[in-house]
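Undergrad: For the record, the sequence lines run as chains A and B. In our numbering, each residue's number is its place in the first sequence (first place is 1) plus 292. In our numbering, each residue's number is its place in the second sequence (first place is 1) plus 2.
Just so you know, these hints were derived from the structure itself, not from any lab. Check before you lean on any hint, since a few could be wrong.
Claimed, not checked - One side only, chain A facing chain B, incomplete, derived with CB under 10 Å: (1) Pro300; (2) Glu303; (3) Leu335; (4) Glu336; (5) Leu337; (6) Tyr340; (7) Asn344; (8) Asp348; (9) Pro376; (10) Val381; (11) Ala385; (12) Glu394; (13) Arg402; (14) Leu406.
No experiment lies behind these values; they were computed from the predicted model shown. For each residue, glycine too, the CB sits at the ideal point set by N, CA and C.
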Amino acid sequence: DAGVIQSPRHEVTEMGQEVTLRCKPISGHNSLFWYRQTMMRGLELLIYFNNNVPIDDSGMPEDRFSAKMPNASFSTLKIQPSEPRDSAVYFCASSTGDEVVELFFGEGSRLTVL
Amino acid sequence: AQKVTQAQTEISVVEKEDVTLDCVYETRDTTYYLFWYKQPPSGELVFLIRRNSFDEQNEISGRYSWNFQKSTSSFNFTITASQVVDSAVYFCALSERGTSYGKLTFGQGTILTVHP
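Same shape as in the complex, but just chain A (with noise of 0.2 Å):
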């Protein structure tokens, strides 16, 4: 079975740029979560969908960060205009949204902005 794809792996970008990152979920699951890891603030939640629903987006940093779920197979994080600060790991997961739930995460989106 796929797990939680995401895309790209690896995105190098200059400060301004808009940033698109993917995340596919894994078929049937309701939740979808993003995560970011900084060697400062370590791994924090961005945002969570239920049912292609924004649930809670108090983590996202500013509006320059925006995050999408069309359907329940795809969603995006968008970050315009980039900042070098911006540059991290960023983790996509998905869950069946359960009580008790194990959350599945994507292999990341390493992002570096210079």
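Chain A is already provided as a structure; the job is to place chain B on it using the hints.
TA: Here is chain B on its own, set in the frame of chain A:
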């Protein structure tokens, strides 16, 4: 607010030694879940265990064991007879009832290095 503390930033052991990774959590909820994840050098996050707040039984899975003590708000992880392949960053995490259970609060992680 919930919080997870992994006081050990880095641990270094020699192969075959036992090692315990500490995790202390804070929550106001009486119903919650605790997790351990492993992040090997390749970078992915691998689920190891989930424990709910009503089940204080210790668990053993092969060389791995977990000690959950509500009285001290701790959920420690022990690797017996460590191997080089155990080298990774290990994260403890907490999720509370009333939120999505995928909304995990992670500790800062413990870097475990097992030397041959």
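Undergrad: Compare the structure with each hint and give your call.
TA: Evaluation of the provided hints:
{"no.": "1", "hint": "Pro300", "verdict": "14 Å, violated"}
{"no.": "2", "hint": "Glu303", "verdict": "14 Å, violated"}
{"no.": "3", "hint": "Leu335", "verdict": "4 Å, holds"}
{"no.": "4", "hint": "Glu336", "verdict": "8 Å, holds"}
{"no.": "5", "hint": "Leu337", "verdict": "6 Å, holds"}
{"no.": "6", "hint": "Tyr340", "verdict": "6 Å, holds"}
{"no.": "7", "hint": "Asn344", "verdict": "14 Å, violated"}
{"no.": "8", "hint": "Asp348", "verdict": "7 Å, holds"}
{"no.": "9", "hint": "Pro376", "verdict": "21 Å, violated"}
{"no.": "10", "hint": "Val381", "verdict": "7 Å, holds"}
{"no.": "11", "hint": "Ala385", "verdict": "7 Å, holds"}
{"no.": "12", "hint": "Glu394", "verdict": "5 Å, holds"}
{"no.": "13", "hint": "Arg402", "verdict": "8 Å, holds"}
{"no.": "14", "hint": "Leu406", "verdict": "21 Å, violated"}
Going through the hint list in order, the structure does not satisfy hints 1, 2, 7, 9 and 14.
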